[in-house]
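Read off the chains here:
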Amino acid sequence: MALTKSSKKTSPCVSSSKPPSRWLIVWAGLSILIPVLLIYAYSAYPKSIKIGTFELKKLQEIQDNDTMLIAIDSNHNPLAKSVIQKTDSINTDSMPSNARVDMSFIGSHKSFIIPKYEFPQTTDSTKYRIILIGDSESGGLRYPLNDYCFENGHRLVLSMEWYSATILNFGRSDTIERIIARYKPTYIFLVFGLNELYAKDLKIRKNAADLLAEKLKGIPYAWIGPANWQEDFGINKVFKSSADTGTYFLTKKLVLPRAEDGRHPSSKGYRMWMDSIAVWLETEAKYKISMKVPTKRGRPFRSSIITLNAVKFRGY
Amino acid sequence: MDTNWLQGVLSPLTKPDFLHKVLAYSTSDPWFFTEFSFLAIFGIFLIFYAIFIQKNTWRKVYIIAFSLFFYYKSSGPFLGLFALMILSDYLFALLIQKKNGIVKKILLWISLSYSLSFLLYFKYANFFIQNCNELLGTSFINQDLFLPIGISFYTFQSISYLVDVYRNEIPASKNIGDYAFYMTFFPHLVAGPIVRAKDFLPQIIAPQIINLSLYKESLLRIITGLLKKLFIADYLGKYVDLVHQTPSGFSGGENLLAMYAYSFQIYFDFSGYSDIAIGIALMLGYRLKENFDNPYLAKNITEFWRKWHISLSNWLRDYVYIPLGGNRKGEVKTYLFLMTTMFIGGLWHGANWRFVFWGLAHGLALALHKLWKQIFPSSKETWYSSLFGTVLTFHFVGLCWILFRASSFESAFVSIGQMVYNTEWLNFTGFWISRSSVAYLLLIAAFIVFFPQRIKEKCFKLLLRLPAITWIIWIAIALQIVVQFKDDIVQPFIYFQF
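Chains as they are written, first to last, in the numbering used here: chain F, -10 to 305; chain R, 28 to 525.
Hints in this document: simulated from the structure, not taken from any laboratory.
A few of these clues could be false.
What the simulated footprint calls covered on chain R by chain F, stretch by stretch (three residues with Cβ under 8 Å from a Cβ of chain F suffice, anywhere in the stretch; the number is not a length) [stated by the list, open to error]:
1. 63 to 71
2. 228 to 242
3. 262 to 271
4. 497 to 505
By construction, the Cβ of each residue, glycine as well, lies at the ideal position given by its N, Cα and C atoms.
When you get a sec, could you build the whole thing from the sequences and use the hints?
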């Protein structure tokens, strides 16, 4: 190695009668100790240092994960005291009451203002205007959900499939608000998380999940957890802690047949999954909804479909 | 000054369990060189080291005490076992030195059996039970065994010491303190490099003088190691983990990139660890031998094993291959000895047939290369033959690493199968867009690995010219880079488990 060769020329490698410098060793110790202490001190510092748009991370943020999961287990909201950051473009106070919503925003970078929209109260407990929003899982779940909607008189008005999307896309962007404003659902199905089972930056995702829960306030919803293909690092706990009590369906407890890729459920798996969700919606969910088992499967799918890809479109 | 902030900084120190946390051991959460808590305590250790530096005995006692504490933090009560091994080695070596003939040989075998018994029991007992159950239909129950940290490394050191004394290559250490120092020296204690007594014992009596250039060199090694391990290896490791969870869910191209990523990950992981170990030892005045020498630039598999994990391959050569007969007993036996050596090398890495097959694949490749050299002894080396040799060797080694990394044989074959049958090369564009950070890091890793050695040497020399006072800043920057990319769960050193 280069270092060995170069040092052999420069350093007296063999013992000599010259005593070693104590101060140099003290300085060597300080050279390691001081930077480590600085990193710890910065972690405890209430503000963050930014160099342009680049923010220096803190060690504490990384170490907080375990603490946060423990707090979630104890039913505490670890971010309750922290300010949930919203994207600048959401400004509900300045919305015109008659704001017109156009779906052309999808795929464009046009600025968008959320319209003032009062979500209808759930007075009719039998017929719902449903939208399904999610990652690639929603593409498989929409067909059995469509069958259930047919059977129970609900209307599935939209299935939005946002490939490769994570809570960061759903929580931090305005996309969901735009969809809600456009389709005016009375019940929302959310299903995602398959792309972030291995995520360990849970504090960031917790923040995004809280943002999403804020967006959903006032409208009944069912937040369906990801169909785990491996044990997650706590993302299910994070989602569950952000969702309202009784609105989160823990899919990971189910054993579902998988497609060839080993990760997504197979078509049979999606049907089994929806059957389990339906039982939960009728019996345990906070926002109960009629979900009788369909007498006929494979109904024609006539709802709108929006397909996005998080690789190209990360949301606003 | 913000008093709340100060309270926040000092709060860990005021917690009632602070001392307990510092002093207690945790087998599930061993103490790595990359832990910030280790670095902080090592910094304090160095400051007090200045007091003992001029008195060799106190210096040794101080380092042994810290080494034992370091081992205790990872392995707790197994420290007693380790101490027992040190004591028995010391006594056996003195006896072996005094005796001659058959008695000397018997003493050697007893001492080797005793040293090896710990490793065989803790590492291979369950492997033996499982294979017995499958082959003989028995129903022995697996033991709940904890593998003491670093046992594979210090057992090999113990063997080398006993054999060297038996061969009269070194005198038995008369001072138990010296031998304990050699065995417990914390920089190499848990994951090597495997240090030979004949290289290290003389340094205990006459350690190096710490001067400015040594100080800079040691810090540069520590910084390089931290960045290699925590920045490059761990980040690539995330992608590797993702693919190897379900290789069937990824295209052939993605599996191929995972193979490259793992090849780089294991190199940066282990060579990064070795860099930190060498840097820390150097800062204390002791020089450990290099463990890597640009292994992926090797032109053939024989050269690869001269450059990869040098301390292990030299150990296997000197204490297994040559004692078996080496190349002195005819061609056929030479190949057999090579395969046997690599079989043991594979098994040393883990009690699993995947590691055995990995070792045998390398053994076969070494034998084939030897055969090739015999058939074409005077084949001329051109730049294109060298390039072809390097590319071929790298890919062979990378392919074998799949056996190393995969969770099972089946998973390894699925990964290789995807590379062959499900290529989807066009997906590289998607990969580049969706995993751009992994793609960039792969390029950086490849650049570092394949960069010409002489330019690397020049860069290191230039860095060593930086004023000593600035090194505190370079350490701070390196640590912040680590924090910037650090995961909450740091991958343990891959070689830590062996």
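### Query
Which numbered hints are broken by the structure, listed smallest first?
none
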